[in-house]
Structure formats: structure tokens, C-alpha cells
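Visitor: One-letter residues, chain by chain:
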Amino acid sequence: SQQGEEDPQALSIQEGENATMNCSYKTSINNLQWYRQNSGRGLVHLILIRSNEREKHSGRLRVTLDTSKKSSSLLITASRAADTASYFCAPKTSYDKVIFGPGTSLSVIP
Amino acid sequence: SQTIHQWPATLVQPVGSPLSLECTVEGTSNPNLYWYRQAAGRGLQLLFYSVGIGQISSEVPQNLSASRPQDRQFILSSKKLLLSDSGFYLCAWSVSLNNEQFFGPGTRLTVL
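Residue numbers (my numbering), protein chains in the order written: chain A, 1 to 110; chain B, 1001 to 1112.
In short, the hints are calculated from the structure, not lab data.
Glycine included, every Cβ here is placed at the ideal spot set by N, Cα and C.
Please note that a few of the clues may not be correct.
Computed beta-carbon distance windows for the label pairs [said to hold, decoys possible]:
| no. | chain 1 | residue 1 | chain 2 | residue 2 | range |
| --- | --- | --- | --- | --- | --- |
| 1 | A | Ile109 | B | Arg1042 | 22 to 28 Å |
| 2 | A | Arg80 | B | Glu1026 | 39 to 45 Å |
| 3 | A | Ser68 | B | His1005 | 38 to 44 Å |
| 4 | B | Ser1077 | A | Val44 | 24 to 30 Å |
| 5 | B | Ser1017 | A | Val44 | 29 to 35 Å |
A few chain B residues that face chain A, going by a derived Cβ cut-off under 7 Å, partial list only [claimed, not checked]:
| no. | residue |
| --- | --- |
| 6 | Leu1044 |
| 7 | Tyr1049 |
| 8 | Asn1098 |
| 9 | Pro1105 |
| 10 | Gly1106 |
Sequences and hints are given; from them, build the entire structure.
Guide: Structure below.
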């Protein structure tokens, strides 16, 4: 199993701006998952990108994956105050459990 | 559709007391089940996971144990709580180890 490392640890932006979070990992993966956690709540799955995909979109979310650099990024466009949360990446090797990193804490200021 | 339940939502227990947290999943069969703990402002620590009834894998040596008495029921227990057991406990399920996980609402445990 391996753990993703999110960067930055904390990010503060104004409402309407874009937010970019990065994730690095160490070994080959089968897929990479992004999750969001609002304060005091459980995690919510956002996007799963497979190792043979380079980019994936879901609404205002855009995820990229560069397997040669062993990195992924999550872009939230036109951020809203409701996007304030912690974001976690979870790189997945085949048939192995997910190990969550420390996450990126995003604050969107109205 | 599938749903996952955890209870209680909050719990305050004295040091040395026992613990039992329950997690149940509805709407799916033979899920993979997970217990995580999250300290305040920190990431998730995987405690246990189970791929089937009676099959428990422990990730971190600790004061806790887990059991899966039924296909969709996952229980986290302790015989004697420590102060360091305080935290936010999350249960999750997935179709397989390779798929996305779906989390319950969590239990906030405070050990005094």
C-alpha cells in the first residue's frame, strides 16, 4: 500500500478564484481517487481516474494524472464558499487498500 | 441505493471503560469494510479492514479490535479505553479494494 502526499497542506483563496491541489505518490498505481471532507463529516468520493487516463472532469472539478511524474492535480474552478473542506488523494495499487494522506485544507473566503 | 450507518454520532467515555462502535451497510452484498480514525485536523489512519465475514486485517497495533459478525456489520471495540483513543472514527465500504470508498457520518469519541 502507499500513501499520497497532498500539497499544499493549506490553501486560502477568494471566492471565484481557482484552487489547485497536488498529489504525489511513489509506486505504480491502478487508479487514483480524490475525496472531500467537510468539517466533522465523513469523506465524500469526488473522482476516480484510472492509470491509463490523463484527465477527467466532473462539473467544476478537473483532475489530471501524470504517471511518469507520479503526480496528480485537482483543480476546482470558480470556487465557492461551500468548497471549503479538506481534500485527500488516494493512489491505489491493484488489490491493495487505500491509504489516505494528510490532505489539503482549502478555505474559500466569500 | 446503498447507505452506510454509524452510531452513536458522539460518545464521551471515561478512561478504562469499554467501547463498541457499530457500522452497518445497506443495499449491497459482501462489501469491503473499513475502520479509520482521524485525530483533530489530521489525515485518516486506517485501523482495520475486512474483505468478508470473520476476516479482519489489523493495520496498526493498538488498544482496539474489530469484528464482522455479519456480512454488512462491522464493529469496533475496546476493552479499556485510553485517553489516546479519542478521535473521529469513520467507517467506510467499497465494492472491492480497488474501488472508491463510501463513508459513514462518523463517531466523535472523547475519552476523559
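Visitor: Let me make sure I understand: some of the numbered hints might not hold for this structure. Which ones are they, in numerical order?
Guide: 2
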